[in-house]
Amino acid sequence: MSTEALVGTKETAPPTGRARRFTALVRKESLQVIRDPSSILIAFVLPLILLVIFGYGVSLDATRTRIGLVIENATPIAQDLAASFQASRYFEVATGRDRREFEEGLILGRVRGIVVIPTNFTDVGAAGSSPQIQVIVDGSDPNTANFVQNYAQGVVGTWMAQRAAEIAMRPPPISVEQRFWFNPELASRNFLVPGSIAIVMTLVGTLLTSLVVAREWERGTMEAMMATPVTATELLAGKILPYFILGLASMSLCVLIAVFIFGVPFRGSVLALYALSASFLMPALGQGLLISAATKNQFLASQLALLSAFLPAFLLSGFLFEINSMPWIIRIVTTIVPARYLIPSLQSVFVAGDIWPMFLRSIAVMLTIGVVLFILAARSTRKRIG
Amino acid sequence: MGEEFVRLSDVTKRFGSAAPALDAVSGSIKGGEITGLVGPDGAGKTTLIRLMTGLMLPDTGRIEVLGFDTRKDAASIQAAIGYMPQRFGLYEDLSVQENLDLYADLRGLPLAERPEVFDELLTFTDLKRFTGRLAGKLSGGMKQKLGLACALLKKPRLLLLDEPGVGVDPISRRDLWAMVENLTKEGIGVLWSTAYLDEAEACHRVLLLNEGKLLFTGTPSELTSRVDGRVFRLGGIEGRRRPILTKVLGEAGVVDGVIQGEAIRLVLDAPEPQGWKAKDIAGKGAVINPTAPRFEDAFVDMLGGGPGGQSKLADAAVPRDRTEGGAVIEAHGLTKRFGDFTAASDITFSIPRGQIFGLLGPNGAGKSTTFKMLCGLLKPTEGEGRVAGFDLRRDTAEARNRLGYMAQKFSLYGDLNVAQNLAFFAGVYGLSGAGKRERIALMTEIFDFRSILGMSAKDLPLGLKQRLALACAVLHEPEALFLDEPTSGVDPITRREFWTHINGLVEKGVTVLVTTHFMDEAEYCDRISLIYRGRSIALGSPDELKASVASPENPDPTMEDAFIELVRNSDLAEAA
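Here the protein sequences come in this chain order: W and E.
According to our numbering, the first sequence holds residues 1 to 386 in order.
According to our numbering, the second sequence holds residues 1 to 576 in order.
Among the hints, erroneous ones may be present.
Claimed, not checked - Across the chosen pairs, the derived CB separations fall in these ranges:
| # | chain 1 | residue 1 | chain 2 | residue 2 | range |
| --- | --- | --- | --- | --- | --- |
| 1 | W | Arg382 | E | Ala419 | 52 to 58 Å |
| 2 | E | Phe424 | W | Phe299 | 23 to 29 Å |
| 3 | W | Leu307 | E | Gly61 | 52 to 58 Å |
| 4 | W | Arg110 | E | Leu377 | 50 to 56 Å |
| 5 | E | Arg14 | W | Val259 | 41 to 47 Å |
| 6 | E | Arg129 | W | Arg382 | 52 to 58 Å |
| 7 | W | Pro37 | E | Ala19 | 41 to 47 Å |
| 8 | W | Leu307 | E | Glu116 | 48 to 54 Å |
| 9 | E | Asp415 | W | Val259 | 47 to 53 Å |
| 10 | E | Arg14 | W | Phe299 | 55 to 61 Å |
| 11 | W | Arg384 | E | Gly308 | 44 to 50 Å |
| 12 | W | Arg331 | E | Ala19 | 39 to 45 Å |
| 13 | E | Leu377 | W | Val259 | 49 to 55 Å |
| 14 | E | Ala419 | W | Asp141 | 49 to 55 Å |
Stated by the list, open to error - A few chain E residues that face chain W, going by a derived Cβ cut-off under 10 Å, partial list only:
| # | residue |
| --- | --- |
| 15 | Arg107 |
| 16 | Pro461 |
| 17 | Leu462 |
| 18 | Ile537 |
| 19 | Leu539 |
Bear in mind the hints are in silico, worked out from the structure with no lab data behind them.
Please read these numbers as outputs of a predicted model, since none were measured by experiment.
Every residue, glycine too, gets a C-beta built ideally from N, C-alpha and C.
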């Protein structure tokens with residue numbers, strides 16, 4: 001019969017065989033991803049944890065800081081200044097009569113600073129000269145110390161301007177009003193969360209990919225597959241596609257959580273978001289495959305992935321530390337960290353909007369790094385053992 | 001038939017600066033028969049198979065597979081062969097059917113042929129009921145059959161099987177052998193690699209490898225013919241057979257001797273004993289009869305004979321009163337459950353002083369679980385275990401000090417050198433000062449470690465590793481020795497040397513518990529317990545167990561026959 005005749009020739013054209021092998025590999029990999037709790041963990045649970053940490057836990061903003069306010073002499077004017085401190089959104093104020101009441105609290109860290117309005121405060125203030133207040137801070141925590149000092153000065157400055165205006169019945173001569181564009185609330189969450197999405201894609205693209213290939217070596221399945229007509233390119237491609245999709249899925253989840261739960265604004269376009277993310281996944285996957293070609297052991301692969309992809313994405317990408325303030329040699333190293341091209345663009349997508357000239361430049365650089373890594377990975381993946 | 005499928009010419013492969021893994025190996029594999037690639041672990045079997053698949057290239061020499069050179073045409077070879085690596089190459093998180101589909105796609109099996117091929121292979125491997133089950137949830141035997149099915153999808157001309165018999169129960173092993181034998185009738189060439197010499201015996205032809213060198217190529221009977229008429233069974237022994245074995249091995253012209261149940265198996269260098277009489281050595285009732293030679297007899301003869309019967313280790317040991325006290329190792333109703341899985345159920349036995357007791361069974365049957373409960377490494381769910389009178393639950397430390405433990409695959413510290421390993425284990429077992437130095441010096445002398453004291457344990461050849469593991473286990477002169485798969489994969493000479501030491505120590509009053517899946521090794525024991533699916537299904541001396549399954553068709557069953565028959569009976573009893 002005709003079917004038999006067809007089967008009898010048995011000549012599968014090469015492209016068909018290739019396509020079928022490729023789809024078989026992709027299907028296998030996808031089934032494994034779905035069934036393997038560790039890929040779900042890395043692709044969906046870990047990102048959630050990271051987002052929660054960056055969304056709630058880590059904040060570079062000044063929120064209400066506890067201070068002790070000492071009013072040595074409760075004159076009306078001192079109480080007026082005290083009221084300004086109490087009204088400040090930066091301080092949570094406990095008041096007292098003697099600085100000794102707060103000394104222990106400062107040592108134990110229960111209050112971050114002591115502001116003293118001295119006995120002679122009224123007179124000096126009335127004379128119109130600069131009033132003297134004392135700010136005591138814990139120098140072992142310089143960030144907080146600076147913060148308390150500056151904001152206390154700010155409160156006093158504002159108070160003085162108001163007093164002057166009240167006395168003169170006219171507005172103060174000059175005042176500086178700051179305005180921040182794009183992130184008017186100056187919420188660090190708004191740029192930390194987009195940055196952490198880059199970290200998440202690094203985890204999926206590089207760490208997970210290098211782990212699954214190493215696992216195939218450890219379990220001996222790689223050897224069995226290599227002894228079939230499958231080619232090295234097909235093996236690589238069969239790994240790339242599923243993890244590319246997984247990376248985008250993981251990124252999408254992060255964006256949804258960022259926008260709907262953390263209230264991070266999304267001012268750019270979805271197209272820009274996916275174009276940037278997809279371009280970033282190229283170098284991330286390329287690096288994962290290169291690592292797995294070099295090591296056939298899950299432990300080593302995870303160490304290499306963490307050192308060469310995860311940490312640089314954290315430290316050398318401008319995510320947490322300003323690249324411009326790094327030593328020049330480190331700045332050169334950052335130019336090959338793909339995350340440094342993604343993070344500013346991604347932050348723009350969220351808080352500013354589409355800036356295509358910047359996006360296109362980033363995409364071009366990321367794709368170039370990706371191509372180089374893929375070429376290296378393909379060259380080092382041969383159908384050979386040992 | 002008879003066409004040469006693989007031609008090896010002067011194949012050499014080295015890894016690093018060590019001795020070559022394969023040294024100028026030449027030979028051939030023919031279609032339509034099973035060729036055994038035989039040799040102990042580390043002989044170069046896996047390397048040779050990988051070279052044939054083209055996944056590795058030889059340093060020098062040439063390999064032609066089905067007419068293709070592995071250097072130039074690996075892709076054509078890979079399209080035409082079936083290969084089952086040691087761990088079967090299955091995806092454990094894919095189901096049976098998904099594994100088959102994957103390999104069918106990779107091997108380019110046309111869609112139209114699939115239903116028929118799948119049906120045939122699933123019937124052939126008896127896996128039809130399990131197509132939806134994840135491969136990771138299959139038993140060892142079933143995994144192996146699925147691995148074979150995946151290698152057979154696109155009917156290969158040459159089938160390469162790397163140690164298919166390892167870790168599989170004897171019944172599955174026989175099933176698999178029958179399947180593979182069937183394939184050869186269709187002209188397929190099969191390479192079956194193994195460290196078991198009884199498997200080698202059943203092959204049509206063998207390539208015998210030892211330390212990377214090809215010792216022999218030809219039919220098994222050609223090999224055994226070199227010892228024809230020189231193999232004997234010394235039976236009717238009066239008294240203890242171990243000292244008698246030692247005595248016989250000291251006689252002129254004795255090439256090899258091992259304990260076989262109540263008797264001793266001997267290989268002589270002449271058709272009859274020269275200058276000694278069985279009666280003088282083994283008592284008035286002793287008889288010596290010729291018996292059929294086996295592969296192992298010939299292998300040992302070829303390697304220049306066994307190591308002799310004297311154990312310096314035993315000579316240096318202080319004798320213990322063999323009649324003193326009751327049982328040294330006792331198990332009463334030992335049961336271990338992991339969740340709803342019962343790994344060992346109601347295991348009971350006791351071992352009197354100076355005896356060897358064996359736990360025999362396939363991997364995963366519950367031997368190691370029982371074993372670990374008895375040396376205090378696992379807490380039993382129910383039941384109790386005692387060593388030298390100490391309850392393992394209450395007096396764990398006292399009990400452990402009385403026992404020496406040699407773990408599967410010799411748990412030495414690979415990055416420590418030989419001297420450091422000895423010093424470490426001496427410390428662990430509570431030796432110190434002059435006592436420690438003395439014992440270490442003694443072990444160094446007995447086992448001849450002087451020249452290798454500075455070598456890392458991981459770089460030692462398998463045989464030396466095993467010696468070192470034994471030395472570490474007996475440093476503190478334990479009353480009881482626990483040996484977990486002590487000679488799995490080692491060459492027969494090393495195995496004999498090991499058992500000479502154990503036999504000697506037992507004669508001095510040491511009590512031994514050994515686990516093994518080697519049927520031959522079970523013969524060295526005084527009594528054995530057959531462990532199958534977590535239960536002890538039979539207990540007795542090797543001869544008793546063999547006799548219990550003797551039938552008119554099989555009057556002289558081997559240990560493996562006994563095992564298979566007893567497992568069948570147990571399955572039948574369970575089904576009833």
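Hint check:
1. Arg382(W) / Ala419(E): 52 to 58 Å: violated (42 Å)
2. Phe424(E) / Phe299(W): 23 to 29 Å: holds (24 Å)
3. Leu307(W) / Gly61(E): 52 to 58 Å: For Gly61(E) against Leu307(W), whose Cβ atoms are near 41 Å apart, the range 52 to 58 Å is violated.
4. Arg110(W) / Leu377(E): 50 to 56 Å: Given a distance of about 51 Å, which is inside 50 to 56 Å, the answer is holds.
5. Arg14(E) / Val259(W): 41 to 47 Å: violated (60 Å)
6. Arg129(E) / Arg382(W): 52 to 58 Å: This hint is violated: roughly 40 Å between Cβ atoms.
7. Pro37(W) / Ala19(E): 41 to 47 Å: About 44 Å separates the Cβ atoms of Pro37(W) and Ala19(E), which means 41 to 47 Å holds.
8. Leu307(W) / Glu116(E): 48 to 54 Å: holds (52 Å)
9. Asp415(E) / Val259(W): 47 to 53 Å: Check passed, 52 Å falls within 47 to 53 Å.
10. Arg14(E) / Phe299(W): 55 to 61 Å: Violated - the Cβ-Cβ distance for Arg14(E) and Phe299(W), about 27 Å, lies outside 55 to 61 Å.
11. Arg384(W) / Gly308(E): 44 to 50 Å: holds (45 Å)
12. Arg331(W) / Ala19(E): 39 to 45 Å: violated (52 Å)
13. Leu377(E) / Val259(W): 49 to 55 Å: Since Leu377(E) and Val259(W) have Cβ atoms about 53 Å apart, the given range 49 to 55 Å holds.
14. Ala419(E) / Asp141(W): 49 to 55 Å: holds (53 Å)
15. Arg107: Arg107(E) check passes; min Cβ-Cβ to chain W is 5 Å, inside 10 Å.
16. Pro461: Cβ of Pro461(E) sits 19 Å from chain W, so the hint is violated.
17. Leu462: violated (19 Å)
18. Ile537: At 32 Å from the nearest chain W Cβ, Ile537(E) fails the 10 Å test, so the hint is violated.
19. Leu539: Because about 37 Å separates Leu539(E) from the closest Cβ in chain W, which is outside the 10 Å limit, the hint is violated.
When the structure is compared with the earlier hints, violations turn up for hints 1, 3, 5, 6, 10, 12, 16, 17, 18, 19 and for no others.
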